[in-house]
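Q: Chain residues, written in single-letter form:
There are 4 protein chains.
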Amino acid sequence: MAATAVLLLSCPDRTGVVAAVADFVWRHGGNIVDAEQHTDDVDGVFFQRVEFELDGFAFERDDLPKAFWAVAERFDMDVRVHFSDERPRLAILASKASHCLEDLLNRWRAGELPAEVALVASNHPDHRALAEFSGVPFHHLPVGDGPDGAARQEAAMIELLEREQVERVVLARYMRILSPTFVERFPSRIINIHHSFLPAFVGAQPYRQAHERGVKVIGATAHYVTAELDEGPIIDQDVARVSHRDSVAELARKGRDLEVAVLARAVRADLEHRVLPFGNRTVVFH
Amino acid sequence: MAATAVLLLSCPDRTGVVAAVADFVWRHGGNIVDAEQHTDDVDGVFFQRVEFELDGFAFERDDLPKAFWAVAERFDMDVRVHFSDERPRLAILASKASHCLEDLLNRWRAGELPAEVALVASNHPDHRALAEFSGVPFHHLPVGDGPDGAARQEAAMIELLEREQVERVVLARYMRILSPTFVERFPSRIINIHHSFLPAFVGAQPYRQAHERGVKVIGATAHYVTAELDEGPIIDQDVARVSHRDSVAELARKGRDLEVAVLARAVRADLEHRVLPFGNRTVVFH
Amino acid sequence: MAATAVLLLSCPDRTGVVAAVADFVWRHGGNIVDAEQHTDDVDGVFFQRVEFELDGFAFERDDLPKAFWAVAERFDMDVRVHFSDERPRLAILASKASHCLEDLLNRWRAGELPAEVALVASNHPDHRALAEFSGVPFHHLPVGDGPDGAARQEAAMIELLEREQVERVVLARYMRILSPTFVERFPSRIINIHHSFLPAFVGAQPYRQAHERGVKVIGATAHYVTAELDEGPIIDQDVARVSHRDSVAELARKGRDLEVAVLARAVRADLEHRVLPFGNRTVVFH
Amino acid sequence: MAATAVLLLSCPDRTGVVAAVADFVWRHGGNIVDAEQHTDDVDGVFFQRVEFELDGFAFERDDLPKAFWAVAERFDMDVRVHFSDERPRLAILASKASHCLEDLLNRWRAGELPAEVALVASNHPDHRALAEFSGVPFHHLPVGDGPDGAARQEAAMIELLEREQVERVVLARYMRILSPTFVERFPSRIINIHHSFLPAFVGAQPYRQAHERGVKVIGATAHYVTAELDEGPIIDQDVARVSHRDSVAELARKGRDLEVAVLARAVRADLEHRVLPFGNRTVVFH
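Sequences listed follow chains A, B, C and D, in order.
Last residue of the first sequence: number 290 in the working numbering, and the count goes up by one each step with no gaps.
Last residue of the second sequence: number 290 in the working numbering, and the count goes up by one each step with no gaps.
Last residue of the third sequence: number 290 in the working numbering, and the count goes up by one each step with no gaps.
Last residue of the fourth sequence: number 290 in the working numbering, and the count goes up by one each step with no gaps.
Identical copies carry no separate label here, and so any pair may be met within one copy or between two of them.
Below, a list of computed lysine to any residue pairs in the SDA-like style, where the Cα atoms sit at most 25 Å apart:
(1) Lys100 x Met5
(2) Lys70 x Leu275
(3) Lys258 x Val37
(4) Lys258 x Ala208
(5) Lys258 x His248
(6) Lys258 x Glu116
(7) Lys258 x Asn284
(8) Lys258 x Arg272
(9) Lys70 x Val49
(10) Lys258 x Asp45
(11) Lys100 x Glu136
Worth flagging that the hints you see were computed from the coordinates, not collected in a lab.
Excised from the complex, chain A in its bound form (with noise of 0.2 Å):
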């Protein structure tokens, strides 16, 4: 696969927009390989993801952003632009549950997540073994005693991840709730999995819930993670029927398998930088 570069645009709604861009990209060499967007009419705004061949381009992928300036000021545009060959550097962290972890570090290794993953941190040990078995240095950072003890655990996971330049964080089941200080430092780029269909069933026990309900389709809900908690934008969602016969054990042990598909598809979404947030709600494109 030759290298694209991929920009992520969303501008007031205007008539021009799309044959601007396009024009953009053709007077420069650049053959558009992917084009798709979206507009909302409610609040008149437009979304665009152009991913463009790079091989012809005629600016360096260092001089594109202010390249493209003129047409992003005239349109008023939020721009981001992405390269296909460079990979985010993920971190993954965890807790007791192995589900989600196990099956990121699978999906990696047979190449499938366009990421490099720089470690996995978890306030448990257990998982030392998984990750360094896929070649990922694995960071225990206990919660230790005191009334502080969980802000300096905190602390310490932020000073890892800017340490390590992560750039990506994905919360695989990682049941610590997150500080706003902690949420800020990656806008957008703390992606979670919660184990019900949001907005039903917030909080640490869903299943519970969802059994006492007696509900006959659980499901799972990927979003990115905002100061406040479960309410952040959702990028993928889904279901699985269940029955009188699912005991919480069975719905836990059903739910497992949405989690680790809808974490996934969410992942991958946001590293080939397919989703983008506005508001509470995202644009996924496909």
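Position chains B, C and D against the provided structure of chain A, taking the given hints into account.
A: The following block gives chains B, C and D in isolation, referenced to the frame of chain A:
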């Protein structure tokens, strides 16, 4: 198809129930054609659905409950007895939207619903031609003016249902809230379709709420109606994938297909005597 | 909704197509409200659907193809031009089964299908009341006796469709095999629903075959009709889980719901000008 | 969980079977915790799965078959007896692809599979580290040169499986075709995952075939292996939606998730003694 009897049982979980019921049927000449059971381990309750052929059975239908009494008493059972060829009288209530009503009438004409559709009633006049096309009487019960208009309309509805000896009520997007008085007349006999994946998005505007929250999956829920709005025992649910491209109107359009499918499955399960409500949940045998 | 034009393009994959089309629309005052593209890397073919508002556009509708000619010729394009407010005249053909016909008529009355349903025709007399309830003329074209009964019936059908200026034909469980002559009159204009997951179970008895093979999933397939039976380009498919409990009759009942859903989605995609057949496959923009 | 016995029965459909089995269990002190039955009306065969607690049961395990003999003979039954705490010795065979193997080992470590994974064997050397990470012995049995290389490899495999007293074999994308001799050693004991929705796309290249046919849904099928390739009784199937955007490689990637899920469900159903093959079909109790 030969006529069958269906026993729907629940009792405290004890050794010997299965053998006692099977023995009762066999000793009196019945042939069990289907049996399914469930034990709720948390509450220690046993549920069973036993269906047997009446041909060759020792008792007349009317004598069956009495004959079964000794077994029922010994195990402290709640028992419901149904016969496959006795079709309950069913009323369909609708408001403006016609999709669920159309679907139920189509299925009924196609022989998919083992019921006698006794009437269609609505607070709007629109569906007369539709009902009469299927040969079903239509009753327009408008909500009158004045502070007691709603109460008078509901009283007229109850009077109609009782006069017509209705045994099952299906709320096919009937947008009036029923009073506790109405609900108590038909305990576990009224099925409603709610246009969301309960418990997410209760109330009258679920598609708008779903759009604002940016969910990637929408749902529909069929449940028995209890005095608490949208809180009754869930019979069936289903979902469909949606995306950022779907406006509120598009969610409503996709949702209509879900509502139709889920309501039809729930009504059919109920009419086939496969649903046992207990507390706020249901056992749905297949 | 303002009227829009839809360009459906395909051409050899070359640099500059996207820019040229966007530039054409923009220069002549059109506002692109949706654009989606696909490149088939194996065959080197580029496909695009571009939708733009006509309000303010420089050309009259009739002049649009000629105006676009320079672009189309330069890139060796196949182009189809549609207008969102010009609803094609559609004929629905059915045999004995009514479920797909009922569903399409219901959706049409609900405003979900952007077409003019010009007529319903059948080799059986049964659906007259149904069609006329929706205000659609019904034509009974029975298959006459004698060795050429089938040919005469088909000739009458073609004559009817042409007299009524029908532009789209939906085979809503129409169980007559169309001759190549019929098919050639409506290239990529006839949509059929096949009651299996093609290519499994071609022919007239798919549910029986599915039962004998013991599959755990059944399906339905909507496709454009070509001269080869059940071999045309697939527009949409869907499936449902089944089990050992499902008899052939029960498979057929579950299958009806699939057929209805898949056919409706395919017809809608076609009427919204989102489907591009190429060879034996289709591009279906969303 | 207390230990239970599972009776898997099939016999000609006759009155009194259910009562006789329930009576047998009850008279000897067993408590039925689950029972499910099915009657194949076409072939007149009755199937039942009865699970009862051993605590308090009158017979030792080894004596149970003999004790049940009178009932079995009276109704001309085929009977299999299993005990929930006796975990069958299972071998996983794989070739190059690792995804199904990884998933099964992960589930096994998580306690989801009631089996003893005795060994992993492969015609390739690649998966040694993976197997040993889970504490499972790995055997590399390469296909040697010469005209009888394949036969010698298979003979070595059979010898290995018998030496290790393997009771269940899972072909986790094992791409060698088994000879009838191999299959006969393990009747209804070998489960294969085929990477298509059988009976569509038999053979080695299903994703390529699916792409060429332009299907909109792909599938995976888990089945017992019989002498006819891809023709054995189906245990489970599932599907995923695809589109024109999916290349063959992308279909294969999506298909891997299906294969993993379907194989795991089928293996679990088999290990929980919920599957009864009959002819070319299966009864899968839930």
